[in-house]
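**Q** As given, the protein sequences belong to chains A and B, one line each in that order. According to the working numbering, the residues represented by the first sequence are 1 to 546, in order. According to the working numbering, the residues represented by the second sequence are 547 to 764, in order.
It is worth saying that the hints were derived from the structure and are not from the lab. C-beta: ideal position from N, C-alpha, C; glycine also. Be careful, since some hints might not be right.
Stated by the list, open to error - Reference excerpt, derived from the structure (chain A facing chain B, CB under 7 Å, subset only):
#, residue
1, G164
2, Q168
3, L183
4, N187
5, G276
One letter stands for each residue in the lines below.
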Amino acid sequence: MATTLRRLSRVLGWWLIICIASLPVWGILFGLWPDEDTSIADLSRLLAYQGLGLSLWQSMLSALFSSLLSLYLAFLIYSQYQSHSKVGGRWLEKYLSPLLSLPHLAIALGLVFLFSESGVFFVNGDIGLPRKGLSTFIMAIIIKEVPFFLLILIAVGRQLPLHGWLLQGRALGYDTSTSWWLLVFPNILKHMRLALLAASAYTLSVVDMNLLVGPNIPELFAVSVYRWQGSFSEGDQALGFWANLLLLVLLGVSIIFLYCHEKLVIKVLQHWAVLGRRIRLGFVDTLGRVWLPASGLLILLMVLVFTLWSLGFNWHSDTFSLRNLNTQLWQDEWLFVALPLQNALLIGVSAAILGILFTLLALELQRQKGRYLPDYIWLLGILLPQLSMVLGWQVSHIWLEGGYHSGWVVFAHLPFTFGYAYLVLKGPFQSIDANYELIAASFGYSPWQRWWKIRFRLLLPAILSAFAIAFAVSIAQYIPTLMIGAGRVTTITTEAVAIGTGSQQDVAALYILLQSLLPLAAFIMAALLSSRIAGPKHSTLGISRC
Amino acid sequence: MLSIKNCLIESETWQIKFPDIQLDLDDLLVIIGPSGIGKSTFLHWLLGNQPKHVNISGQIFIDGQDVSQLTVENRHIGLLMQDVFLFPHLSVEDNISFALPKSPDFHSKKQRRTKSHSMLEQINLEHLSKRYPQSLSGGERSRVGLVRALANQPKIMLLDEPFAALDPSNREKIGKWTFQQLAHQAIPSIMVTHDLNDIPTSAKQLNLADYYQSKDTQ
Numbered sequence: 001m002a003t004t005l006r007r008l009s010r011v012l013g014w015w016l017i018i019c020i021a022s023l024p025v026w027g028i029l030f031g032l033w034p035d036e037d038t039s040i041a042d043l044s045r046l047l048a049y050q051g052l053g054l055s056l057w058q059s060m061l062s063a064l065f066s067s068l069l070s071l072y073l074a075f076l077i078y079s080q081y082q083s084h085s086k087v088g089g090r091w092l093e094k095y096l097s098p099l100l101s102l103p104h105l106a107i108a109l110g111l112v113f114l115f116s117e118s119g120v121f122f123v124n125g126d127i128g129l130p131r132k133g134l135s136t137f138i139m140a141i142i143i144k145e146v147p148f149f150l151l152i153l154i155a156v157g158r159q160l161p162l163h164g165w166l167l168q169g170r171a172l173g174y175d176t177s178t179s180w181w182l183l184v185f186p187n188i189l190k191h192m193r194l195a196l197l198a199a200s201a202y203t204l205s206v207v208d209m210n211l212l213v214g215p216n217i218p219e220l221f222a223v224s225v226y227r228w229q230g231s232f233s234e235g236d237q238a239l240g241f242w243a244n245l246l247l248l249v250l251l252g253v254s255i256i257f258l259y260c261h262e263k264l265v266i267k268v269l270q271h272w273a274v275l276g277r278r279i280r281l282g283f284v285d286t287l288g289r290v291w292l293p294a295s296g297l298l299i300l301l302m303v304l305v306f307t308l309w310s311l312g313f314n315w316h317s318d319t320f321s322l323r324n325l326n327t328q329l330w331q332d333e334w335l336f337v338a339l340p341l342q343n344a345l346l347i348g349v350s351a352a353i354l355g356i357l358f359t360l361l362a363l364e365l366q367r368q369k370g371r372y373l374p375d376y377i378w379l380l381g382i383l384l385p386q387l388s389m390v391l392g393w394q395v396s397h398i399w400l401e402g403g404y405h406s407g408w409v410v411f412a413h414l415p416f417t418f419g420y421a422y423l424v425l426k427g428p429f430q431s432i433d434a435n436y437e438l439i440a441a442s443f444g445y446s447p448w449q450r451w452w453k454i455r456f457r458l459l460l461p462a463i464l465s466a467f468a469i470a471f472a473v474s475i476a477q478y479i480p481t482l483m484i485g486a487g488r489v490t491t492i493t494t495e496a497v498a499i500g501t502g503s504q505q506d507v508a509a510l511y512i513l514l515q516s517l518l519p520l521a522a523f524i525m526a527a528l529l530s531s532r533i534a535g536p537k538h539s540t541l542g543i544s545r546c
Numbered sequence: 547m548l549s550i551k552n553c554l555i556e557s558e559t560w561q562i563k564f565p566d567i568q569l570d571l572d573d574l575l576v577i578i579g580p581s582g583i584g585k586s587t588f589l590h591w592l593l594g595n596q597p598k599h600v601n602i603s604g605q606i607f608i609d610g611q612d613v614s615q616l617t618v619e620n621r622h623i624g625l626l627m628q629d630v631f632l633f634p635h636l637s638v639e640d641n642i643s644f645a646l647p648k649s650p651d652f653h654s655k656k657q658r659r660t661k662s663h664s665m666l667e668q669i670n671l672e673h674l675s676k677r678y679p680q681s682l683s684g685g686e687r688s689r690v691g692l693v694r695a696l697a698n699q700p701k702i703m704l705l706d707e708p709f710a711a712l713d714p715s716n717r718e719k720i721g722k723w724t725f726q727q728l729a730h731q732a733i734p735s736i737m738v739t740h741d742l743n744d745i746p747t748s749a750k751q752l753n754l755a756d757y758y759q760s761k762d763t764q
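Chain B on its own, in the form it takes in the complex:
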C-alpha cells in the first residue's frame, strides 16, 4: 500500500501542490499533464532520485512505513522507463538473476538462473533467456524489463512512459500485458504518460495541470 502526503513541487516561478494519494494493492494511478510540468520529476522523487532543478517535499509511506528519507536502493520501488536499460553485458536470464533479492531459496548461481528461467517460462519468453539485450526487439526488451523489475519483488512499481518507444501495434499489446502482470502480482503502480490511449479504464487519473499554480498570480 502506498500513501503520499503533503507533496509539493516548487520552482522559482511555479508550484504544484499534490492532493494526498492513497493506492491499494492492485491500484494503478496514471499521471497526465503537459510536457515539462513535472510528471517524471515526481516519479523520480518517489523513487528516491532527488531532482536538482526543483524542490520537492512531502512524505511517502509504503505499508505504513515512512520511506521519505531512504535511499533509492532501500525503498523497494521498481522503475520501468521508456528505455528499460537492460544491462548489455548480461544475458536476459542474468539480467533477471541480478534483480532477484537475496534468498535462501535461490542462493547459488544455478538456483538463481533456474528461477529466472521459470519466470520467463511463465510468460512464454524462455526462448530469450540466453540472448543478450542488443539482439532483442523493442517489444521483447519492454517485456524483459518488466519481468526483471518484478523479479525484484518491488512493493510499488513506477512506469515512466514505458510504451513510448513502441510501435502502435506492439504498444497496445504490451500495455495490456504489463497491466495484467502488475494486477496479477497485486503491486500498486503509478504511470506517467502523454498518450491517453495508454490508460486502462480501471486506472485512477491525476492531471497535474489542475494543481499547477504560477507564483506570480498568487
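If we strip away everything but chain A, and leave its shape as in the complex, we get:
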C-alpha cells in the first residue's frame, strides 16, 4: 500500500512540474493561434508598416550587442578579480548582491535622472544621455546584465579546473591575461549559452524599460507588439498576431547569431593559441578592475537621487536648499501607493514560495529517477520572449473566464520565479553528498525525515537566496501583471511604469525607490539569515532580471 501511494505521488508530482515547466510553451502556442479574421493581407500590412525595418534592426542590435558586451565585460571583471588573490570569488558574490537587487527600471530611470540632458550632471547642458533613446536603453541593460553574467561565470568557474589551466598556461610562457582569453574563455563560452540566450530574449521582448527609456521614433519592436496586442481594434490585433510571430523569428535569428558567434570566437581563439599569440588589452584590463566599484557608486548615487527627489529636492530650482527637504510627497502618495505595495508583497512572496516548492519537487523527482533533464527544459520561462508567452496566457485566461485577481497574477509570475529558483538551487542541490542521507537511513530515519532533517537543512541558505531572487523577479514583473491582471491588479511596478512615463519626476522617484527597496530588503534578510545557517554556499548562482 505504501509503495503504491509513493508511486502515485511520484506520478502526480511529475505531472505537476511538467505542467508548470511547460506553461511557457503553452503560452507561445496559444499566442500563435490566429483569430478567424487574421489573414495574409495583415502580414503585408505589418511588413509595410512605417519604420518597421529600423525598429527590427534596433531591437536585434540592442538585444545582441548588450548581451555580448555584458558577457565580455563580465568575463574581464571575473578574470581580473580571480587573478588577484585577495578578492576571490566569494567576495565577488557578496559584493554583487546589492547590484543584483536593483531592478532594471530603477537603473534605467537612475541613468536618466543622473546623466540625461536635464539630469543631475547636465542640468543646463545639451550633452548627456537622451531621455528616451537606444543608447540609454542599451546602457541600462548592460549595467544590469553584467552582474547577472558575473554570477553565472562564478558558478561555471567552480566546475572547471581554471587554476590548473592558468598555471599550465603561465608555465608555458603566457601571461595571465593571455591565458584567461586563450585557455579559459573558449571553454567557458559554451557554458554561457543559456545565459546569453536568456539575456537577449529578455532585451528583445522587454516592454517596461522600453516605455521608460527606449527610443520613440521608431519605438523598439517589443513596444509595437505590446501596443498592437493590447489594442481594441481588430486590425491592430491582427498586426499583433503577425508581430508576435515575427518576434519569435527574431529570437530564432538571435539564437543562430549567438551560435555562430560562439563558433567563430572559439575558432579565432584556437587559431591564436596555435600561433602562440599574446593578447594585450592594456587599458581595457583596467576597465575590468574599476567596473564594479564604479557600478556600486553609480547605484548609490541613483538611490540617493531618488530619495532626494521624493523628499522634494529639485536642483532645477535656484532657490532650493537641503533645509527644504520634506515628506509631503510621501504623505500625499501613501494613500495611492499602499495597495500596489501590498499587492506586490503578497504576489511576490506567494510566487517566490511556489517557485521554490516546485523547483524542489522537480529536483527531487529527477534525483529519484537518477537522471537530470537538460536545463533548458526547466528554464523556458526565462529563455523565451515574455511578450509572446503572456499573450498566450492572456488568451487562455479570457477563454477560461478567469477573474482578475491576484491568484492569476501569481500563476503568471510562477514560470519566472520557478526558472530563477531552479537556476539558483540546482547546483547546491546536486552538490549535497547522498551519503549524509544514507547515514541517516542507517539510524532508522524514514525517507521523508531524511529529506527534511538533512537535505532541506543543508539547502536552507541556498533556499533563502533563491527566495530573495525569485521575490525580486516577481516584484519586477510588468507585462504578466498588466496583461493577466488587466489593470485591475496593480503593483508597485505597474504604477512605477505608468508614472515613470509621465512628467512627474518626484512621484516617479518615490515609486521607483519603493520598487527598489522591496528586493533589497529581501536580499538583506536572506543574507542575514544565511550567515546564521551553515550549508553549501553555492547559493547565489543566480540572478534577478528585475
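Mind docking chain B on chain A? Use the hints.
**A** Just chain B now, with coordinates in the frame of chain A:
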C-alpha cells in the same frame, strides 16, 4: 643548470631549512617526505606560484641567472602534474603547438602543427594528433602532457606526483619513458612523489622530514 640557495619554508609552528641544491643538465632530484610537509609547496614556489599558507624565501638560479623575482611565465620552468591539464578545446596537436616558443622556424599555423606532429611522431604518438584530450586514456594524457611541456623547451622540469593517477602497469612504463625523455633532452628535473617505486636508481633524493623543525622545540 639549477641552483637553489638559502631556501626556507616557514609556517607559524614549523620550518624547513633546505640544504643548498645544485642540479646539472641531466640530474633528477626526487623529493620525498610525509603528506603535508611542503613538497608540492616547494615545487610551486620554484615555478613562481607563491603559496599563501606559508612563507618561502631563498634564491633560485637557472644557468647562473637569478630568477627568484620573475613571474611564472618568465622562468622557463616546465610543470607536469598528476592531472596534466591538457586544454580541452584544443586537439593534441594544437595543445603542443600552443606550447611551442615563438621562433622564425615555426611561425605559421601550418609550420607549428607540422612541428607538433613531428614531435608526436618521434615517440610514436602521431595517431593521437587530431584527437581531443577527453578521448585519451590516462597514460596517453600523461605522455602528451610531457611532450607538451618539452615542446616549450623548458630549462628545468618539475614533476608533481606525475604518475599518481596511473594504474600500476602503466605507471612503471610511463615513468621509465618520462625519465628517458628528460635525460635525452638533458633537462634538470625535480620530482615530488609518495611512491618510492617511482624513483629511478640514478636519482638524487631529498627527504624533507630530515630538515623539518618544530618551532616549539627550538
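**Q** A closest beta-carbon separation below 7 Å is what the hint needs, so does A/N187 meet it against chain B?
**A** holds, 5 Å
**Q** Please check whether A/L183 passes as an interface residue: C-beta within 7 Å of a C-beta belonging to chain B.
**A** Interface hint status for A/L183: holds (5 Å vs cutoff 7 Å).
**Q** Is the interface hint satisfied for A/G276? The criterion is a beta-carbon contact with chain B at less than 7 Å.
**A** holds, 6 Å
**Q** Would you settle whether the hint for A/G164 is holds or violated, based on the nearest Cβ-Cβ distance to chain B being less than 7 Å?
**A** holds, 4 Å
**Q** When the nearest CB of chain B is found for A/Q168, is that gap smaller than 7 Å?
**A** Check passed: Cβ of A/Q168 comes within 5 Å of chain B, closer than 7 Å.
Hint compliance for this structure: no hint is broken.
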